[in-house]
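Colleague: Protein chains in written order, with the working numbering: chain A, 1 to 270; chain B, 271 to 556.
In case anyone wonders, no lab produced these hints; they're calculated from the structure.
Since this is a predicted model, take the numbers as computed values, not measurements.
One or more hints might be untrue.
To be verified - In the DSSO-like style, the derived pairs of lysine-lysine whose C-alpha atoms are separated by at most 27 Å in a straight line are:
1) Lys8(A) x Lys375(B)
2) Lys83(A) x Lys374(B)
3) Lys374(B) x Lys8(A)
Here is how the chains run, residue by residue.
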Amino acid sequence: MQTNKSKKFILIGLVLVYLSLVLFIPAIYVFYGAFNQGINTFLEALGRREFQQALRLTLITVAIADPLNIIFGLCAAWAITHKKFRGRTFLLSVIDLPFSISPVVAGLMLVLLYGRNGWFGGWLEAIGFRVIFALPGIVLATSLVTLPFVVREVIPLMEEIGQEQEVAARTLGASEWQIFRRVTLPSIRWGLIYGVVLTNARSLGEFGAVAVVSGSILGRTATLPVFVELAFKNYLATAAFAAAAILALIGIASLVAKEILAKLARQPTI
Amino acid sequence: MAISSPSYQAADKIKPKQSYWSKISLPWVVTITHLSIVLLLPMAALITKSLTVGPREFWEVATQPVAISAYEVSFVTALFACMINGVMGTIIAWVLVRYQFPGKKIIDATIDIPFALPTSVAGLVLAALYTTNGWLGQLVAPFGIAIAFTRLGVLIAMLFISIPFVVRTVQPVLMELEPEIEEAAWSLGASASQTFRRVLLPILLPSILTGVALGFARAVGEYGTVVLIASSVPFRDLIAPILVLQRLEQYDYGSAAVIGTVLLIASLIILLIVNLLQQWSRCYAD
């Protein structure tokens, strides 16, 4: 038993050292970097015009991309679970694709479609609608990388509850909207909220795909994560760390929300 | 605003069957439209763009020395990172499932930090910590080792982002595995290493490999963390996704599309492998 005990301590020690080097110290350093020159420097950095613009752009993006993803997620989950059809698994893997595509490639795809020399470029330019290097592109990129989150969380729940209750409601004369709101929605609500938390965290923090489509112009098309990079590259380390600390706080809040929701819904974490 | 009584509505609809079908198609319309605008059409645009350059030029661009070295940096470094995390992730999962110690719950929750932290934030912090005068970089600097802005920095970034994958795929399998199995092997006279190799490893292997493959897919395509900690000098620590972006910034859409397509195909292959691995581990579960 003695060897078992020493094995336990060695393994725990090894885990702690490894995680400290690559995870814990970096996580703590975000806040150290933001506050080590005093709270005033931190607040000053938050007062910068470029930061304010990045914050505003990020919030607008999230305000559009999140509802889009919720609507898509619910529709796709409904479509996939309420009808047996060939290619169901295929459709599911297509929806999963954004998990494995590099964010840069995702951004590149959007540029090649909606950019100036892209398929829709000429047509979009003719009607004066700018997608790439503007808000619509940033929203598209965010929607692309967050595509699977809500669908993945809602489908298992819709499958689990089956359709008996919905059929019962229908025979009692409820309209489709009433069925969705009164029967389906209550039983999938935890999964839906869970998916929204994941979507929201990713929308706020997406960097790669947004960096490609936004053109990363400081003070104009930079979202908060892009602002972090640009500030760092322009030797504005304190500003970069201040924005990073805000993003990290939101990230940690999402983690906590996720844990609570997982407990509430008693569903295992991914 | 008053909701009409259900019976009234039912009476109102003479052909309920037909309205059922017309309503159910709305989710389909939304699904297909959104999927096309966001994913399918953009993907088609990428593939056609890379095909319009012609097969010979495609091959030339895809295999030019800069590109080859960028794939090498991306894939080999990602492989190293995922092998390290394959071992460390299994140990972490083991420690979290089998041992009781103070602070365990917090450590379990922090494993997901790489999923929750924006990649540029992670890159910023890692770059600051691992430069030669940063907190962790100065520990190895006296030995003449630089981490940030070299390939080691790329490795650190990839280690960071791929930590959760193996832990989260192995953990549930270990939880279901009863310690009695090991005790049985043990009581039958197997040594600790025999128990591990013959009993535990075969059961855990599919999930370990699934986690490694998922982490590899993520690490190969990673951009955000690496762009801040690497110097992105060609032939040194330039990764393939950053090469795509550099080509795009030079308005060389053709090359960007070609290298992007190579990355896309690579991620599709990895996805296929992940699916096969998951089927394999399901075989084991049944």
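Colleague: Measure nothing beyond the straight line between the CA atoms of Lys83(A) and Lys374(B); if it is 27 Å or shorter, mark the hint as holding.
Modeller: Answer violated: Lys83(A) to Lys374(B) is near 44 Å, above 27 Å.
Colleague: Quick one, are Lys8(A) and Lys375(B) close enough, alpha carbons at most 27 Å?
Modeller: Satisfied, since the Cα-Cα distance of roughly 17 Å is no more than 27 Å.
Colleague: Please verify whether Lys374(B) and Lys8(A) have alpha carbons no more than 27 Å apart.
Modeller: It holds: about 13 Å lies between the C-alpha atoms, which stays within 27 Å.
Violated hint: 2 only; the structure is consistent with all others.
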